[in-house]
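Chemist: Read off the chains here:
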Amino acid sequence: GESVGLHLPTLSVQEGDNSIINCAYSNSASDYFIWYKQESGKGPQFIIDIRSNMDKRQGQRVTVLLNKTVKHLSLQIAATQPGDSAVYFCAESSNDYKLSFGAGTTVTVRA
Amino acid sequence: GAVVSQHPSRVICKSGTSVKIECRSLDFQATTMFWYRQFPKQSLMLMATSNEGSKATYEQGVEKDKFLINHASLTLSTLTVTSAHPEDSSFYICSAPAAITSPDTQYFGPGTRLTVL
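Protein chains in written order, with the working numbering: chain A, 1 to 111; chain B, 1 to 117.
It should be emphasised that the hints constitute simulated quantities derived from the structure, not laboratory data. Glycine included, every Cβ here is placed at the ideal spot set by N, Cα and C. It cannot be assumed that every hint is accurate.
Unchecked claim - Under the rule of at most 27 Å between Cα atoms (straight-line distance), these lysine-lysine pairs were calculated in the BS3-like manner: (1) B:14 - A:98; (2) A:71 - B:14; (3) B:55 - A:56; (4) A:56 - B:20; (5) B:14 - A:68; (6) B:55 - B:41; (7) B:66 - B:41; (8) A:68 - A:42; (9) A:98 - A:42; (10) A:98 - B:20; (11) B:20 - B:41; (12) B:66 - B:55; (13) B:41 - B:14; (14) A:68 - B:64; (15) A:71 - B:55; (16) A:71 - B:20; (17) B:55 - A:68; (18) A:56 - B:66.
Claimed, not checked - Restraint ranges, calculated between C-beta atoms of paired labels, are given here: (19) A:106 - B:66: 29 to 35 Å; (20) B:9 - A:52: 32 to 38 Å; (21) A:106 - B:53: 36 to 42 Å.
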């Protein structure tokens, strides 16, 4: 079946720099997208979400961009901090509220 | 924000035994909960949807007789791995939507690490 995928499995970023994590999705029926952060041995933590009627949404230090034309989702983290080191997953959902997760990107912040 | 707990956080059992994992919504009611399985360095895979007052619905390829789900109340869902085998060793995670405030937003439990010897 269709699934959400990620462009890059790992990302190394210098502390203080901005991070960009990408995600491609294939289900055109998906109308809700979420980014989660997962630290080792823990459950996913909600970061930010966006609906299909929007193309950009900002939170605290994070911005999600949605390009429905090319079915692409990205997460931007401003001024990356050591505490941002984790695995980041994008997830998609349609009207049945089930989530389909991408493969995940491991972000490592260099001091 | 909404809080979801899981118990136990870690369990080790012998092959052939059954293990029960609890998922609780602590400050909200959840008529629906979801169970996921995550193998090391892999993504979360949805196993089943737990429905309060009715049978769970399972994703394709998930054995309902092996992974028993009971949604006992509006704040509790349990997953029982029956006759566990080493290949069932995994990280099991539940989630619940905070239906009233934001039905699309799901809150995840901290996960349960199951090791079958």
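Chemist: Against each hint, give a clear statement of whether it holds in the structure.
Modeler: Here is what the structure says about each hint:
| no. | hint | result |
| --- | --- | --- |
| 1 | B:14 - A:98 | violated, 32 Å |
| 2 | A:71 - B:14 | violated, 45 Å |
| 3 | B:55 - A:56 | violated, 38 Å |
| 4 | A:56 - B:20 | violated, 42 Å |
| 5 | B:14 - A:68 | violated, 48 Å |
| 6 | B:55 - B:41 | violated, 31 Å |
| 7 | B:66 - B:41 | holds, 24 Å |
| 8 | A:68 - A:42 | violated, 31 Å |
| 9 | A:98 - A:42 | holds, 20 Å |
| 10 | A:98 - B:20 | holds, 23 Å |
| 11 | B:20 - B:41 | holds, 24 Å |
| 12 | B:66 - B:55 | holds, 15 Å |
| 13 | B:41 - B:14 | holds, 24 Å |
| 14 | A:68 - B:64 | violated, 36 Å |
| 15 | A:71 - B:55 | violated, 35 Å |
| 16 | A:71 - B:20 | violated, 39 Å |
| 17 | B:55 - A:68 | violated, 36 Å |
| 18 | A:56 - B:66 | violated, 43 Å |
| 19 | A:106 - B:66: 29 to 35 Å | holds, 31 Å |
| 20 | B:9 - A:52: 32 to 38 Å | holds, 36 Å |
| 21 | A:106 - B:53: 36 to 42 Å | holds, 40 Å |
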